[in-house]
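J.: Respectively, the protein sequence lines represent chains A and B. Each residue of the first sequence is one higher than the one before, counting from 323 in my numbering. Each residue of the second sequence is one higher than the one before, counting from 323 in my numbering.
Misleading hints may appear alongside valid ones.
It does not matter which identical chain is used: a pair holds within one copy or between any two.
Unchecked claim - Taking lysine to any residue pairs in the SDA-like style, the calculated list, with each CA pair at most 20 Å apart, reads:
1. K425 <-> D329
2. K425 <-> I332
3. K425 <-> R347
4. K419 <-> W434
5. K349 <-> L335
6. K419 <-> L432
7. K419 <-> P408
8. K349 <-> N438
9. K419 <-> L435
10. K349 <-> F387
11. K425 <-> S338
12. K349 <-> R439
13. K349 <-> W434
14. K425 <-> E342
These are computed hints drawn from the structure, not numbers from a lab. For clarity, every value in this text was computed on a predicted model and none was experimentally measured.
There are 2 protein chains.
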Amino acid sequence: MKSPAEDTLIPILRISFPHEDRLGRGKMELLEHIRETGSISAAGRAMDMSYRRAWLLVSDMNRMFRDPVVESQRGGQKGGGAALTPFGDELLARFRKMERMVKFTLAEDLAWLEANRSPQTDR
Amino acid sequence: MKSPAEDTLIPILRISFPHEDRLGRGKMELLEHIRETGSISAAGRAMDMSYRRAWLLVSDMNRMFRDPVVESQRGGQKGGGAALTPFGDELLARFRKMERMVKFTLAEDLAWLEANRSPQTDR
Numbered sequence: 323m324k325s326p327a328e329d330t331l332i333p334i335l336r337i338s339f340p341h342e343d344r345l346g347r348g349k350m351e352l353l354e355h356i357r358e359t360g361s362i363s364a365a366g367r368a369m370d371m372s373y374r375r376a377w378l379l380v381s382d383m384n385r386m387f388r389d390p391v392v393e394s395q396r397g398g399q400k401g402g403g404a405a406l407t408p409f410g411d412e413l414l415a416r417f418r419k420m421e422r423m424v425k426f427t428l429a430e431d432l433a434w435l436e437a438n439r440s441p442q443t444d445r
Numbered sequence: 323m324k325s326p327a328e329d330t331l332i333p334i335l336r337i338s339f340p341h342e343d344r345l346g347r348g349k350m351e352l353l354e355h356i357r358e359t360g361s362i363s364a365a366g367r368a369m370d371m372s373y374r375r376a377w378l379l380v381s382d383m384n385r386m387f388r389d390p391v392v393e394s395q396r397g398g399q400k401g402g403g404a405a406l407t408p409f410g411d412e413l414l415a416r417f418r419k420m421e422r423m424v425k426f427t428l429a430e431d432l433a434w435l436e437a438n439r440s441p442q443t444d445r
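Just chain A, same shape as in the assembly:
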């Protein structure tokens, strides 16, 4: 998860829903891994997350929205996979767009913070 970008300031967006629910980059990253791997457990493994934890996050998302975000596909012996629904695809694309908009909108303020941050936070 380390990248050169870690040496810059990064705005992090989360959306607070009623009743302590949250939507943020952790859930979005999980959706991306489910889309790539076709499996909740493989997606969880890719994020060093237990199957139980990954399943709970998916369950949260499916509960938070009118339409399901991830659907299970019953398969053969391996227990089937999982895939994003069309709504899940749209949610993911929209959240990533929101993150880009925030970064763009705050560009000047982030530059101000960067100019004022302590040099001692560099290695």
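Keeping the supplied structure of chain A fixed, place chain B upon it in accordance with the hints.
T.: Only chain B this time, still in chain A's reference frame:
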């Protein structure tokens, strides 16, 4: 901390700094309380936070920026108070402005999320 606004979707902004430092609404709320109360311990109490925890957050902020955010004022028997520096005032005002900009920029997306969230998350 409960308010009618909790039944709506609220974008939460945090800024990730290098080396795990974060700037978000918790630190900003602490600054507001310090400005109001003139005391780190009173500000902490207003947020149900130990003096140690409040002091550490202030110490983090003072370390994160080139200029101090809060300055201690040595006083009499009570041990003196604390106040925001001009930079601290500017930082606080700017962060609150950034939050308003995010809310404004994401208004359409927040309305989309609101329209698609599950009715069962209402009480």
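J.: Within a copy, between copies, both or neither: which one fits K349 and N438 at a CA-CA cutoff of 20 Å?
T.: between (32 Å within a copy, 17 Å between copies)
J.: Is it within, between, both, or neither for K419 and L435, if the alpha carbons may be no more than 20 Å apart?
T.: between (23 Å within a copy, 13 Å between copies)
J.: Indicate which option fits the pair K349, L335 if close means a Cα-Cα distance not exceeding 20 Å: within, between, both or neither.
T.: both (12 Å within a copy, 16 Å between copies)
J.: At 20 Å max between alpha carbons, let me know whether K425 reaches E342 within a copy, between copies, both or neither.
T.: Close across copies (19 Å), not inside one copy (25 Å); limit 20 Å.
J.: Tell me, please, which holds for K349 and W434 at an alpha-carbon limit of 20 Å: within, between, both or neither?
T.: between (30 Å within a copy, 18 Å between copies)
J.: Within, between, both or neither: how does the pair K419, P408 come out at a Cα-Cα threshold of 20 Å?
T.: within (17 Å within a copy, 35 Å between copies)
J.: State whether the alpha carbon distance between K419 and L432 is at most 20 Å within one copy, between copies, both, or neither.
T.: both (18 Å within a copy, 12 Å between copies)
J.: Give the relationship of K349 and R439 under a CA distance limit of 20 Å: within one copy only, between copies only, both, or neither.
T.: between (30 Å within a copy, 15 Å between copies)
J.: With identical chains treated as interchangeable, where does the CA-CA distance between K425 and R347 reach 20 Å or less: within a copy, between copies, both, or neither?
T.: both (14 Å within a copy, 18 Å between copies)
J.: Measure nothing new, just compare the shortest in-copy and cross-copy C-alpha distances for K425 and D329 to 20 Å and report within, between, both or neither.
T.: Close inside one copy (16 Å), not across copies (26 Å); limit 20 Å.
J.: Go through the copies and call it for K419 and W434: within, between, both or neither, with a Cα cutoff of 20 Å.
T.: Only across copies: K419 and W434 sit 13 Å apart there, 23 Å inside one copy, limit 20 Å.
J.: Taking 20 Å as the upper bound on the Cα-Cα distance, should K349 and F387 be classified as within, between, both, or neither?
T.: Result: close within a single copy only, 13 Å intra versus 31 Å inter.
Consistency note: the structure conflicts with none of the earlier hints.
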